[in-house]
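Using the sequences and the accompanying hints, generate a full structural model.
Residue numbers (the working numbering), protein chains in the order written: chain X, 1 to 235; chain P, 1 to 209.
One or more hints might be untrue.
What the hints assert, rightly or not - Once the Cα atoms are required to be at most 20 Å apart in a straight line, the calculated SDA-like pairs of lysine to any residue come out as: (1) X/Lys81 to P/Glu47; (2) P/Lys170 to X/Ala15; (3) X/Lys175 to X/Arg188; (4) P/Lys170 to X/Asn5; (5) X/Lys81 to X/Gln11; (6) P/Lys170 to X/Glu9; (7) X/Lys81 to P/Gly7; (8) X/Lys81 to X/Thr196; (9) P/Lys72 to P/Asp115; (10) X/Lys81 to X/Asp12; (11) P/Lys170 to X/Lys81; (12) X/Lys81 to X/Ala195; (13) X/Lys175 to X/Arg210; (14) X/Lys81 to P/Pro28; (15) P/Lys170 to X/Arg13; (16) X/Lys81 to P/Ala44; (17) X/Lys81 to P/Arg2; (18) P/Lys170 to X/Ser8; (19) X/Lys81 to P/Pro46; (20) X/Lys81 to X/Gly154; (21) X/Lys175 to X/Ala195; (22) X/Lys81 to P/Lys72; (23) P/Lys170 to X/His6; (24) P/Lys72 to P/Ala10; (25) X/Lys81 to P/Pro49; (26) P/Lys72 to P/Pro28; (27) X/Lys81 to P/Arg43; (28) P/Lys72 to P/Val61; (29) P/Lys170 to X/Ala195; (30) X/Lys81 to X/Leu37.
Claimed, not checked - Sample of chain X residues lacking proximity to chain P, with all beta carbon distances greater than 12 Å (derived): (31) Glu9; (32) Ala15; (33) Asp137; (34) Pro149; (35) Ala172; (36) Ala186; (37) Gly191.
Derived by calculation from the structure, the hints in this document are not laboratory data. Quantities reported herein were computed from a predicted structural model and do not represent experimental measurements. Beta carbons: idealized from backbone N, C-alpha and C, even for Gly.
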Amino acid sequence: MSSANHDSEVQDRLAVLPADTGRLREDLARRAEAEGLIDVAYRVVDSPIGDLLLAATPRGLVYTGFEVEDRDHILAMLADKLGPRVMLAGGTASGRAALSGTASSRTASDTAASGDSASGISAVLAAATEQIRQYLDGERRDFDLQLDPALATGFRGEVQRHLENVEYGRTATYKELAGQLGRPGAVRAVGTACATNPLPLVWPCHRVLRTDGGLGGYRGGLEAKRRLLAMEAAA
Amino acid sequence: MRDPFDGAVAQHGPAVLRVCRAVLGAGPDADDAWSETFMSALRAWPELPDETNIEAWLVRVAHRRAVDVVRKRVRTASPVSDTELLAVMESRGSSGPSGSGPGGFRSYDDDEPGDQSIWDAVATLPPKQRLCVAYRYLGGLAYAEVAELVGGSESAARRAAADGVAALRKIIVEPDEPDEPDKPDKHNDFGDRRDTGDTGEQCEQGDQP
Numbered sequence: 001m002s003s004a005n006h007d008s009e010v011q012d013r014l015a016v017l018p019a020d021t022g023r024l025r026e027d028l029a030r031r032a033e034a035e036g037l038i039d040v041a042y043r044v045v046d047s048p049i050g051d052l053l054l055a056a057t058p059r060g061l062v063y064t065g066f067e068v069e070d071r072d073h074i075l076a077m078l079a080d081k082l083g084p085r086v087m088l089a090g091g092t093a094s095g096r097a098a099l100s101g102t103a104s105s106r107t108a109s110d111t112a113a114s115g116d117s118a119s120g121i122s123a124v125l126a127a128a129t130e131q132i133r134q135y136l137d138g139e140r141r142d143f144d145l146q147l148d149p150a151l152a153t154g155f156r157g158e159v160q161r162h163l164e165n166v167e168y169g170r171t172a173t174y175k176e177l178a179g180q181l182g183r184p185g186a187v188r189a190v191g192t193a194c195a196t197n198p199l200p201l202v203w204p205c206h207r208v209l210r211t212d213g214g215l216g217g218y219r220g221g222l223e224a225k226r227r228l229l230a231m232e233a234a235a
Numbered sequence: 001m002r003d004p005f006d007g008a009v010a011q012h013g014p015a016v017l018r019v020c021r022a023v024l025g026a027g028p029d030a031d032d033a034w035s036e037t038f039m040s041a042l043r044a045w046p047e048l049p050d051e052t053n054i055e056a057w058l059v060r061v062a063h064r065r066a067v068d069v070v071r072k073r074v075r076t077a078s079p080v081s082d083t084e085l086l087a088v089m090e091s092r093g094s095s096g097p098s099g100s101g102p103g104g105f106r107s108y109d110d111d112e113p114g115d116q117s118i119w120d121a122v123a124t125l126p127p128k129q130r131l132c133v134a135y136r137y138l139g140g141l142a143y144a145e146v147a148e149l150v151g152g153s154e155s156a157a158r159r160a161a162a163d164g165v166a167a168l169r170k171i172i173v174e175p176d177e178p179d180e181p182d183k184p185d186k187h188n189d190f191g192d193r194r195d196t197g198d199t200g201e202q203c204e205q206g207d208q209p
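This is the structure we're talking about:
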């Protein structure tokens, strides 16, 4: 009896031995990128409006998620629509990378992973991290990033890409956008398009309000929308 | 498989690393085997059937990648089948896997100094016991699956795993016990704990007077 209990104790102790895979996962992501085996690479960066999930394909930045959203749900959606080879890249095991520092002080993994191809998937993530940081610090008004519009399809995609025309510090209404796109009756569809915008911040759906001046909605939460509008208005 | 690959790395990566460390020693060889396991898994991922038991599949892949690492190290001229891994490991002239021991180990868990002694203990097991303990208790494979990897029968795999755990018990657990042989009341004590399940757990937490 004593031996049996001791044996299960041995088994329990073996099964919970620490096994930190953080560094191995970073190496794995680099090798996977080098061999072209990544459908979607993502990282999580902290920011003044909460953690942001940045996801890219080899074609460009494809999705930005907010802290209020369920991360597993986002990753499952990306895998389903873009391919299941989804990898954490350029962050720690928990998926976080600091949204701080300048382009010249990028993390070692950013530099090593971008390697020769400045258009590589981790170079896209590094550039997006840097430009979003600049934007949220009030140092940038427009984005210059490689984008993959794969998740912006149909009329919604048309609306989402059109959002770029709403300039920094300005706002538009859902109704105005519908009119600009030649679909004055499609106010509700425009609202849905903004709510499902795959690239918020870069495609500034936070600048779109209700005709009565109400905030409308925001995938990142109304508090984030309020903060972004206040930041732009003060600039 | 339509699920994000990253989820499998996060969920099963630590268990696969423990398996690799038990088989090859907690060092660079285990890291190599882990990386090759997940590179293989990444290549195969989109075609993997949805109903696959991911961890068991990863442990089988890890076994093959561990064989690759051992083959590379021994530079044997003749091809070695997977189930001959044991013979190859024996032929290395040491029961301890490479990368273990004072010289070869790279410490990842400096805050857990007790753990190295467990890996050292695992390294002292004969290869077959070590593999059976790794695949069964760290990798969660059924004994039939263990037997497929290490060769021999299911019952032989079961015996080797039991012998391995018994040997580890002598090294890991019993040094903490009193030197004199177990007294009868000691047996009863443990027997009671096992029988009463949760209550026994609470006793171990220090609820006893």
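Now the hints, each set against the structure:
no., hint, verdict
1, X/Lys81 to P/Glu47, "holds (16 Å)"
2, P/Lys170 to X/Ala15, "holds (18 Å)"
3, X/Lys175 to X/Arg188, "holds (9 Å)"
4, P/Lys170 to X/Asn5, "holds (13 Å)"
5, X/Lys81 to X/Gln11, "violated (41 Å)"
6, P/Lys170 to X/Glu9, "holds (12 Å)"
7, X/Lys81 to P/Gly7, "holds (16 Å)"
8, X/Lys81 to X/Thr196, "holds (14 Å)"
9, P/Lys72 to P/Asp115, "violated (28 Å)"
10, X/Lys81 to X/Asp12, "violated (40 Å)"
11, P/Lys170 to X/Lys81, "violated (53 Å)"
12, X/Lys81 to X/Ala195, "holds (18 Å)"
13, X/Lys175 to X/Arg210, "holds (8 Å)"
14, X/Lys81 to P/Pro28, "violated (37 Å)"
15, P/Lys170 to X/Arg13, "holds (14 Å)"
16, X/Lys81 to P/Ala44, "holds (18 Å)"
17, X/Lys81 to P/Arg2, "holds (9 Å)"
18, P/Lys170 to X/Ser8, "holds (13 Å)"
19, X/Lys81 to P/Pro46, "holds (13 Å)"
20, X/Lys81 to X/Gly154, "holds (15 Å)"
21, X/Lys175 to X/Ala195, "holds (15 Å)"
22, X/Lys81 to P/Lys72, "violated (40 Å)"
23, P/Lys170 to X/His6, "holds (9 Å)"
24, P/Lys72 to P/Ala10, "violated (28 Å)"
25, X/Lys81 to P/Pro49, "holds (18 Å)"
26, P/Lys72 to P/Pro28, "holds (13 Å)"
27, X/Lys81 to P/Arg43, "holds (18 Å)"
28, P/Lys72 to P/Val61, "holds (17 Å)"
29, P/Lys170 to X/Ala195, "violated (62 Å)"
30, X/Lys81 to X/Leu37, "holds (16 Å)"
31, Glu9, "violated (6 Å)"
32, Ala15, "violated (6 Å)"
33, Asp137, "holds (29 Å)"
34, Pro149, "holds (21 Å)"
35, Ala172, "holds (35 Å)"
36, Ala186, "holds (32 Å)"
37, Gly191, "holds (29 Å)"
Comparing the model with each earlier hint shows violations of hints 5, 9, 10, 11, 14, 22, 24, 29, 31 and 32; every other hint is respected.
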